[in-house]
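S.K.: Sequence:
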Amino acid sequence: MPKLKTNRSAAKRFSKTGSGRIKRSKSGKNHFTGKKPAKSIRNLRKRTLISKADEKRIGKLIPY
1 MPKLKTNRSA
11 AKRFSKTGSG
21 RIKRSKSGKN
31 HFTGKKPAKS
41 IRNLRKRTLI
51 SKADEKRIGK
61 LIPY
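Going by the working numbering, 45 is the number at position 45 of the sequence shown; the sequence numbering is gapless.
Don't read these hints as lab results, they were simulated from the structure. Honestly, I wouldn't trust all of these hints.
To be verified - DSS-like cross-link-like pairs, simulated, lysine-lysine; straight-line CA separation at most 27 angstroms:
#, residue 1, residue 2
1, K23, K46
2, K46, K35
3, K26, K46
4, K29, K39
5, K46, K36
6, K3, K52
7, K46, K16
8, K23, K52
9, K39, K26
10, K46, K29
11, K26, K36
12, K12, K52
13, K35, K56
14, K46, K60
15, K60, K3
16, K16, K5
17, K5, K36
18, K23, K39
19, K12, K26
20, K23, K60
21, K26, K60
22, K52, K29
23, K16, K26
24, K60, K5
25, K46, K56
26, K36, K60
27, K46, K12
28, K16, K52
29, K3, K26
30, K56, K3
31, K12, K60
32, K12, K56
33, K29, K5
34, K3, K39
35, K52, K35
36, K16, K56
37, K16, K29
38, K5, K23
Let the hints inform the model, and build the full structure from the sequences given.
M.R.: Written as structure tokens, this is what we have:
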């Protein structure tokens, strides 16, 4: 069986952790940030794990 190809658009948006979970960036930090507190914008910088429901689907896009 041939090697699976990585979906390049998914690879740029998600990354796998050492344990195999998938991390994503948070949305909402490009514009309309003037009305948000600095603490909120700071918290948007942190990456977070995707939900269990999406893990199988995204995992197929980035197999390695």
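S.K.: So, for every hint listed, does it hold in this structure?
M.R.: Now the hints, each set against the structure:
no.: 1; hint: K23 to K46; in the structure: holds (10 angstroms)
no.: 2; hint: K46 to K35; in the structure: holds (20 angstroms)
no.: 3; hint: K26 to K46; in the structure: holds (7 angstroms)
no.: 4; hint: K29 to K39; in the structure: holds (12 angstroms)
no.: 5; hint: K46 to K36; in the structure: holds (16 angstroms)
no.: 6; hint: K3 to K52; in the structure: holds (25 angstroms)
no.: 7; hint: K46 to K16; in the structure: holds (15 angstroms)
no.: 8; hint: K23 to K52; in the structure: holds (11 angstroms)
no.: 9; hint: K39 to K26; in the structure: holds (14 angstroms)
no.: 10; hint: K46 to K29; in the structure: holds (11 angstroms)
no.: 11; hint: K26 to K36; in the structure: holds (15 angstroms)
no.: 12; hint: K12 to K52; in the structure: holds (20 angstroms)
no.: 13; hint: K35 to K56; in the structure: violated (36 angstroms)
no.: 14; hint: K46 to K60; in the structure: holds (24 angstroms)
no.: 15; hint: K60 to K3; in the structure: holds (12 angstroms)
no.: 16; hint: K16 to K5; in the structure: holds (16 angstroms)
no.: 17; hint: K5 to K36; in the structure: violated (40 angstroms)
no.: 18; hint: K23 to K39; in the structure: holds (21 angstroms)
no.: 19; hint: K12 to K26; in the structure: holds (14 angstroms)
no.: 20; hint: K23 to K60; in the structure: holds (14 angstroms)
no.: 21; hint: K26 to K60; in the structure: holds (21 angstroms)
no.: 22; hint: K52 to K29; in the structure: holds (24 angstroms)
no.: 23; hint: K16 to K26; in the structure: holds (16 angstroms)
no.: 24; hint: K60 to K5; in the structure: holds (10 angstroms)
no.: 25; hint: K46 to K56; in the structure: holds (23 angstroms)
no.: 26; hint: K36 to K60; in the structure: violated (36 angstroms)
no.: 27; hint: K46 to K12; in the structure: holds (16 angstroms)
no.: 28; hint: K16 to K52; in the structure: holds (14 angstroms)
no.: 29; hint: K3 to K26; in the structure: violated (31 angstroms)
no.: 30; hint: K56 to K3; in the structure: holds (18 angstroms)
no.: 31; hint: K12 to K60; in the structure: holds (15 angstroms)
no.: 32; hint: K12 to K56; in the structure: holds (18 angstroms)
no.: 33; hint: K29 to K5; in the structure: violated (31 angstroms)
no.: 34; hint: K3 to K39; in the structure: violated (44 angstroms)
no.: 35; hint: K52 to K35; in the structure: violated (32 angstroms)
no.: 36; hint: K16 to K56; in the structure: holds (12 angstroms)
no.: 37; hint: K16 to K29; in the structure: holds (22 angstroms)
no.: 38; hint: K5 to K23; in the structure: holds (20 angstroms)
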